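Keeping their order, the protein sequence lines are chains A and B.
Using the working numbering, read the first sequence as starting at 169 and increasing by one per residue.
Using the working numbering, read the second sequence as starting at -1 and increasing by one per residue.
These aren't lab readings, by the way, just hints derived from the structure by calculation.
Warning: the hint list may mix true and false statements.
[Unchecked claim] DSS-like cross-link-like pairs, simulated, lysine-lysine; straight-line CA separation at most 25 Å:
1. A:Lys187 - B:Lys21
2. A:Lys170 - B:Lys80
3. B:Lys86 - A:Lys284
4. A:Lys187 - B:Lys227
5. A:Lys171 - B:Lys226
6. A:Lys187 - A:Lys229
7. B:Lys156 - B:Lys75
8. A:Lys284 - B:Lys227
9. A:Lys229 - B:Lys75
10. A:Lys280 - B:Lys85
11. A:Lys248 - B:Lys97
12. B:Lys295 - A:Lys248
13. A:Lys248 - B:Lys48
14. A:Lys248 - B:Lys191
15. A:Lys280 - B:Lys221
16. A:Lys284 - B:Lys80
17. B:Lys274 - B:Lys48
18. A:Lys229 - B:Lys48
19. B:Lys210 - B:Lys184
20. B:Lys152 - A:Lys229
21. B:Lys70 - A:Lys280
22. A:Lys172 - B:Lys48
23. A:Lys280 - B:Lys227
Here the structure is a predicted model, which is why all the values come from computation and not from measurement.
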Amino acid sequence: MKKKEIPQDESFFTEEHGKELYYAVDEEGNYTTGLSSGWEAKTIALNNALEAIEERIADAKKRVLENKTSPIEYYMEVCKMEPPVLASYVGMWLWRVKRHFKPAVFKKLSQKTLEKYATAFDITVEQLKNVAP
Amino acid sequence: MKIDFEHKQSAHCENGVVSNLMKFNGHKISEPMVFGIGSGLLFCYIPFIKINYAPLITYRAMAGFIFNRFAKRVGVKIKREKFKDPKKAKERLDENLQKNNPVGLQVGVYNLVYFPDEYRFHFNAHNLVVYGKEEDTYLISDPVMQHVTTLTSKQLEKVRYAKGPFAPNGHMYYPISFPETLHLEKAIRKGIKHTCREMLAPVPIVGARGIKTVAKLIRKWPKKHGAKKANHYLGQIVRMQEEIGTGGGGFRYIYAAFLQEASGVLKNEALAVLSKEMTEIGDQWRDFALNASRIYKNRSVQEDAYNKVADELEAIGNREATFFGKLKRAI
């Protein structure tokens, strides 16, 4: 890539974040660095991933309201977590976390356990118990 | 207090931290040099580890490996510390800052407040330098950012104690001893040989063979997984390849820069020629990413389109296979 070909497309990197560094060659073929504000191909890929997460969040919410899963799964998706990551944050075995996805089990959780989840999601226990439609 | 530390932006966080810490200690060494000597370049496809619900593909060596190899090959000693107790971690950090010693930290990205929200995933192998503290605020030099930034002690503790795969556990590191002069020649040869060995490994998921394996799989994805999942997988490849920190083209441009610099150090003209070829390979990776991104942008399921990007990827695999053979002979 030539230095003048470094893409300057729009991206999530705004003015306050600054720009990204690329390696590219100058006119004489010597390597140098240059800044990029973003690249279309990259932003499309990232948007694609974010959309997939949005879909997962919406799906989890729907299932919470249908009483098919517990709010824990919903907030896990909101926090872009996967079950092993969540298990690591709350310091529990993966199978226990997965069990807490069951609405009936969730209802019986102790205040202490609920607090652990609330802390991991950075919300209050009240918020954890109530998912607004 | 504020340590007189020069923040130099780099493409990749780990190389950048090493390069900047080396410079602080009086040894000028570029980011591509660290990357090349540390044998950072790689291609690896790990189908049984899923990241964000897609198979893991990496274009570089695992976090920590680059610095370790670099340090070993040039004779630098590094001290690494992890702490169970966040309080202890903070104390040790403050102690080092008191002693005018900037340190590298491994952190999680998800709670890194100065990153754009869209980039904040649960990725725990990010690196930055702390170079001072003013009251309750730490002065941060994050090598991938254009400018220096700050984090409060609470924010810093959160990222140092991020959880999940590769959890940092307060991991802190800094070089403690240096050789009189850095002898790069031998280190460069070792670094290149190692990279050639990995890229030519007789394993179907590593190096040039790994690239060809993925090309083959891409052809099957639309039928096997359906359009949505196939697009998601393809998107993941592009993201890993062009994520912040790669310097573009899945680290191929940084490697080309390294070969150019190495050609000067070793007085080996062949490396300069190979550097040019590596740049062309990087361009091919960029074209591949652009064409792949168009597929999922249009949400098309034409198998033709998948076959086309698979062809491109296969060509890259073949080219890298011959390239690293040539590089091995040139050194």
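- Message: What's the verdict on lysine 280 (chain A) and lysine 221 (chain B), does the C-alpha distance respect the 25 Å limit or exceed it?
- Response: 47 Å, violated
- Given pair status - lysine 48 (chain B), lysine 248 (chain A), alpha carbons within 25 Å: With Cα atoms ~14 Å apart, lysine 248 (chain A) and lysine 48 (chain B) stay inside 25 Å; holds.
- Decide if the proposed pair is consistent with the structure: lysine 248 (chain A) and lysine 191 (chain B), CA atoms, cutoff 25 Å inclusive. Not satisfied, since the Cα-Cα distance of roughly 39 Å exceeds 25 Å.
- Compare the distance between the alpha carbons of lysine 172 (chain A) and lysine 48 (chain B) with 25 Å, and conclude whether the hinted pair is satisfied. 37 Å, violated
- Please work out if lysine 295 (chain B) and lysine 248 (chain A) have their alpha carbons no farther apart than 25 Å. 22 Å, holds
- Message: lysine 171 (chain A) and lysine 226 (chain B) were given as a pair; does the straight-line alpha-carbon distance stay at or below 25 Å?
- Response: 36 Å, violated
- Measure nothing beyond the straight line between the CA atoms of lysine 284 (chain A) and lysine 227 (chain B); if it is 25 Å or shorter, mark the hint as holding. Roughly 33 Å between the alpha carbons, so the hint for lysine 284 (chain A) and lysine 227 (chain B) is violated.
- Query: Does lysine 187 (chain A) pair with lysine 227 (chain B) here, judged by a C-alpha cut-off of 25 Å?
  - Reply: 31 Å, violated
- If you draw a straight line from the CA of lysine 187 (chain A) to the CA of lysine 229 (chain A), is it 25 Å or shorter? 36 Å, violated
- Given the proposed pairing of lysine 70 (chain B) with lysine 280 (chain A), does the C-alpha separation stay at or below 25 Å? 47 Å, violated
- Message: Given the hinted pair lysine 280 (chain A) and lysine 85 (chain B), is their Cα-Cα distance within 25 Å?
- Response: 23 Å, holds
- Message: Next pair to validate is lysine 187 (chain A) with lysine 21 (chain B); report whether the Cα-Cα distance is within 25 Å.
- Response: With a Cα-Cα distance of about 23 Å, the restraint between lysine 187 (chain A) and lysine 21 (chain B) holds, given a limit of 25 Å.
Comparing the model with each earlier hint shows violations of hints 2, 4, 5, 6, 7, 8, 9, 11, 14, 15, 17, 19, 20, 21, 22, 23; every other hint is respected.
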